Amino acid sequence: MATANPAMVTGLFRRIRRYPTTYIGFAIVFLFLLIALFGPMLAPYTYTQQNLAARLQPPSDDHVFGTDQFGRDIYSRILYGSRDVLVVAGSGTALAVFFGLLLGLFSGYRGGMFDEIVMRLMDVILSIPPLLLAMVILFSLGPSRVNVIIVVGFLYIPMVARVVRSVVLELKTRQFVEAARLRGESSLYVLYKEILPNVLPPLAVEASMRFSYSIFLVASLGFLGLGVQPPSPDWGLMVGEARTWFHQARWVLYFPAGAIAVLVVGVGFMSDGLRRMLLPGGASDA
Amino acid sequence: MLTYLLRRFGFIFLTLILASIIIFSVTQFLPGDVAQIILGQFATEVAVENLREELGLNKPLHMQYLNWAGGFIRGDWGDSLVSRLPVRPMVMQRLGNSAMLAGLALLIYVPLGIILGVIAALKRDKMPDQLITGVSMAFVGLPEFVSGLLLITFLAIGAGWFPANSSIDPDSTFMESLPYLILPAITVSLSGLGYIARMTRSGTIDVLRTDYVRAAELKGLSGSQVLIRHVLRNSLLPTVTIVAMGIGWLLGGLIVTEAVYGYPGLGRMIVYGIQRQDLPIIQAASMIVVAVYSFSNLAADILYGLLNPRIRVGK
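Protein sequences, first through last, are from chains P and X. The first sequence lines up with residues 171 to 456 when you count with my numbering. The second sequence lines up with residues 15 to 329 when you count with my numbering.
Bound conformation, chain X alone (with noise of 0.2 Å):
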């Protein structure tokens, strides 16, 4: 196991390392120069010259990007080419804002999911499995952009109870921010929701096949003895899992979710940066939802390990 460990660390590592080449060195295709966008267009040569020159910009791609790496391991990931102001204190307020959006997206979809998938399992190709395996597909394929504003139309414009647009103060503490949370929480949730309970579903059918449930069932234990204490204890497992490799998807649906409603995120920061050419913003917030991507699939690659054991041999 720890020989295992040592492996997926290097991995990610190495994998970092590729990223944040592969970022650096898109980032550097930009239609113009660095220099000429911060001084903007009626700058003198002399001062865009000596701009390129503090910057670093005259030496080579290599030493630009290593300059780049090591001052990002030592902390200093540089100014915002638009506000003047260190990038990692903005960065890292924004990741706090996003955990506690994808907080409360899994406070509401991880549950929900669980139970969904048990009920289609048990009433397996009968009316409730259908409408909800139906329904969830089609929450998993629906854009966020698209749930997101509709649910804007209907439960904030049309109903009034939510407000419609969440493009807080970014200092808000989360009880300041829970209100104009939900709604990008619920667009969130609807895709993992149909996620979840898709794989809790199966999950759940393979367990009910064995031959541990039948002994179960033919001893005379009522059903929900059964369903507690021999299937859910063995379906749920994967659960776990598949909760870890959905970050991933969460990642991508947060970009969305945080553009739709204005909420002050790593993902909005990210879709701004581009915007405004503002290079330290996009190479610095994209390394860190590379970072935490890796990791959660780290952390779903061990869980699998752990609850697995028969997927660890050989390994």
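Here chain P stands alone, though its shape is the one from the complex (with noise of 0.2 Å):
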């Protein structure tokens, strides 16, 4: 890999200005992490503290977001809140880019039958829809936390096994795979040193796709009722329990809604802006 000069770098802030979303998207996510490590601790309430005295209060100095209908801080819910949905989403996104860079590597790189059978089943996974294909594996795994990260990993896998595989496919012809293949080094140091580095930019891209996407299919799971369950305070889930009471009282709507709005769109803005970053001249990028 070329090394970085000084005019690609000032090219690649160039194509990052262009964009001001980029810098939306990666001050958006920053900000998620901050409050997802520290946020637990300035919460004023735990996540499960009712007072029913206080059921559906609006936003107040006591309570900023107002509370829900067991009279629970709706503020101190979405700070722990943030915790849960970047920890779910994240560990199976880390899940499903493990394995699928594994499958994929392997994939590419030794071709033949093994190539032939894993890109079969991966296509058979990717010919269910992944939110169905989630619904169905929950239901019969039972919806908890665990099973969710489970499901999320093992959706996404096929998705970045192909991605890998790809660029795999096309750095295998090139003349320093060759090189080092004809040096005799072995297919680990070949796979480890000359193509994983290559690898990494599509994948690091690729993943923050699926980030996004994870997010977006546990929220949805939660709402349903079919994910993590109650007393959580999963964003996607309040939501669903919002519904009943969102015709009194907005707000029980609207905090955990807008928490997973902003946080969707950043993650698929720094997503995009990595894309441009890394990936230069891209479909997306034209």
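To be clear, the hints were calculated from the coordinates, so they are not data collected in a lab. All figures in this text were calculated on a predicted structure; none of them were measured in a lab. Each hint can be trusted.
Label pairs and their calculated CB-CB ranges:
| no. | chain 1 | residue 1 | chain 2 | residue 2 | range |
| --- | --- | --- | --- | --- | --- |
| 1 | P | E286 | X | D185 | 42 to 50 Å |
| 2 | X | E68 | P | F240 | 39 to 47 Å |
| 3 | X | L16 | P | M283 | 25 to 33 Å |
| 4 | P | E340 | X | G172 | 49 to 57 Å |
| 5 | X | N179 | P | L207 | 38 to 46 Å |
| 6 | X | P142 | P | F240 | 44 to 52 Å |
| 7 | X | L126 | P | P400 | 36 to 44 Å |
| 8 | X | K137 | P | M283 | 44 to 52 Å |
| 9 | X | L121 | P | P400 | 35 to 43 Å |
| 10 | X | P103 | P | P400 | 33 to 41 Å |
| 11 | P | Q239 | X | L320 | 51 to 59 Å |
| 12 | P | R353 | X | R138 | 40 to 48 Å |
| 13 | P | V234 | X | N81 | 53 to 61 Å |
| 14 | P | P400 | X | M77 | 33 to 41 Å |
Ideal placement from N, C-alpha and C gives every residue a C-beta, glycine not left out.
Starting from the two chains in their separate frames, assemble the complex, guided by the hints.
So, in structure tokens, the structure goes:
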């Protein structure tokens, strides 16, 4: 890989500057990371602390975002929930990226029967809409945090594997890989030292995209009541529960829905920015 | 082309079989016994045992699968465990309802997405482009339950323009359902709109860079002539494929949107089926969704091949 020279770096920043959304995206994601790290310490209440005397209170000094149907502080629940959503969607993404990377590397590098079988299996998983497959699997595994993580990880393996494999197939024909092989390096060496570094940029872009889809999926499952279960402060679940109450108390809906919207849009912007920075000249850079 | 089609149909057939195995086996790991679920917890042991025998639950798993799959192909999709009514007419009716919603959404977001995408491409990197690109990126990422509930609070409860709830009689005709379809269709459209706009934008930009467009400009054609005769003709071809590919996305969006509005389509049926552990409903409705998904992917691939002969070579 060419090392970064000054012209490349300025080019990179020019590309980012053309799209202020990239900055916004990174800022939002950074902000939510901070909230997830420190939020629960700053929360005035715990996420389960009920106060039936103060049910469905509008936002006030005591409760900045108001209270829900059990008198729980919505602001505190959202702070705690940020950790939940980042951990569940993040671990799911990490699982998918790890196994997808392994499968894609070996499948693409070895080719032959192994490649054929792995890729056809991936096609079958991809032939079922992700949300439907997640719902059906969670139905039998039972809805819980760990199971949601497993399902998200499993569902997104094929997408990651496909991206990695296509990069490997292209790299395999390059001269520096050929040279390493002719030098007599082992397959593992070639994969690790020559191919992996070049797979990382597209992998980072793919991972950030999977992360935004994971947040989307986890929140949708929570909303449908098929994902993380009460009394968890999962934002999707909070929106789902808010459906019964938002006619009387709009804030029960607005704050968790707003939190999801801002985070998802932020991750989307970030992922798009990463694509522009790391994969210039790609189709969506046009 | 014919061998390509045959191969693809063969692959879809294989996919449906494997998907049916996945759906069947996944729904076997239920917490609890199906016969017990049907009869309730106060049923006698003998009654449960008799029902198990009747439903074939005592046979080995692969026999159960073959029975189920064979029945499915013959059109016998079993009876709902909750309502005891045959599953097939119900699933087909909900499929029709979902198709109405999807059709209306496509009518909204495809033309609008194309227009926005072309504008963004022509004004590339300027204000309109940044606005359209930014807003469409935001819409693509927004979960349907967030946008749907916000639309309900503003346009249904706030302004009172639309009904807040679309849980209509599943038998309703299109004209009867139309008022209830508009908000759900807008909800589904928001994410589709962003997707189409982005794809149209990058397709149009690619075409704008080509030599033949430059030649057309140099030859002195007016901007609108170049746009209509040279740019759009080429840049919109891939959009057809993109619409077909987007059907999969649409299906996921429909599940959530139907749940938000309570609209009686396939998605709400699956969610209800899961909540009530109604196995035959879950299995049949999921299979239909997978079939629709597979065939729309096939349509996307075929269209792509037809419209772009360069891809076909080598297949």
